[in-house]
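Visitor: Take a look at the letters that make up each chain.
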Amino acid sequence: MKPPADPFEGLRPPSPPPGLGARVLAATRLAPLRPEPWLDRLWLDRRLRFGWLTAATALLLLDWALSPPFSVTDSTMGTSSLTFAQLDAARPSGGGG
Amino acid sequence: MDPVPCAEALLAAAEPVAGDEALAALLGAALAGGVEALEGLYRAMAADLWAFALWRGGDPEAASDAVQTVFCRIAGARGTKERIRSARAWLFTAVRRAVVDQARRRRRAEELDAQLLVASDDDPERRAEAAAVSRRLARLPPRLREAVYLRHFADLSFREIAAIAGVPTFTAASRYRRGIEKLRRELQGGAR
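These protein sequence lines map, in sequence, to chains A and B. Note that the numbering used here gives residue 22 to position 22 of the first sequence, counting from 1, and the numbers run on in steps of one. Note that the numbering used here gives residue 1124 to position 124 of the second sequence, counting from 1, and the numbers run on in steps of one.
Think of the hints as simulated: they come from the structure by calculation, not from any bench. Check each hint, because a few of them may be wrong.
Heads up, incomplete: computed chain B residues facing chain A, CB under 10 Å, no partners named [what the hints assert, rightly or not]:
#: 1; residue: I1074
#: 2; residue: D1123
#: 3; residue: V1133
#: 4; residue: F1170
Ranges between beta-carbon positions, derived for each pair [what the hints assert, rightly or not]:
#: 5; chain 1: B; residue 1: Q1115; chain 2: A; residue 2: A26; range: 24 to 32 Å
#: 6; chain 1: A; residue 1: L62; chain 2: B; residue 2: D1113; range: 55 to 63 Å
#: 7; chain 1: A; residue 1: R12; chain 2: B; residue 2: R1143; range: 16 to 24 Å
#: 8; chain 1: A; residue 1: T54; chain 2: B; residue 2: Q1115; range: 46 to 54 Å
#: 9; chain 1: B; residue 1: D1121; chain 2: A; residue 2: R46; range: 44 to 52 Å
#: 10; chain 1: B; residue 1: R1139; chain 2: A; residue 2: W64; range: 49 to 57 Å
#: 11; chain 1: B; residue 1: A1032; chain 2: A; residue 2: L61; range: 33 to 41 Å
#: 12; chain 1: A; residue 1: R12; chain 2: B; residue 2: R1185; range: 19 to 27 Å
Here are a few chain A residues that sit away from chain B, every Cβ distance over 10 Å (derived from the structure) [what the hints assert, rightly or not]:
#: 13; residue: G51
#: 14; residue: A58
#: 15; residue: L60
#: 16; residue: D63
#: 17; residue: P68
Yeah, the Cβ is synthetic: ideal placement off N, Cα and C, and Gly gets one too.
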């Protein structure tokens, strides 16, 4: 026996329960009275979302812009930031290899 | 087995449904706080949304909760302006999120035993067929089942289905094709 080309022929999804309309519309009347969680505004309000995303991006860029060009970690002296010029100056003169 | 059209052909055939402008206007008015618009939106979409929630989550009570959550969200929007490209896709996305959130809160996979399809008439043979197809549908993974519902019963385009499921358009078409293919295979196996 071959199944029909359309497996849903003559079938349809069930209907919602009869009392659902009254229940949902009653609940929606109460919805505007409920206080909006303030934290949700961070995600839902487009201006706020743009604001905090811009601030976070600006902080990241600032951090990247102000970071030293080269840093050396020394186990005894901790982390120090030195430029290539400072490293060249600190190199003992005449020392080869 | 019948040849199943490839995803590209399905994509080309998919056209957005008419009447979305009227629905978008209703949704916009409901989001702006219009009570009559909200009731109109409920009358226009509640059955489709409830059935989709049932297909996605498998529990009639949870489906009712999901529909209620979405309509409460619309009523509580307090006039916030949202950019909505497709009202139907927006509503189905909201229902899908509500169902997924509920499932996450339950934290356990439940056996789907709800009747996902009913017969269009009182023919006992058709009713038995509806129960058999429902059982096989229940075995499909939810992501395939939702693609089948949205394409076949909600008549959405693959672009809209992709937006609802948060996947590329090609993936949405592929899920639909795989869902139908698997269902046909199961029905063929059961009919032997």
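Visitor: Would you pick out the hints that fail for this structure and give their numbers low to high?
Guide: 4
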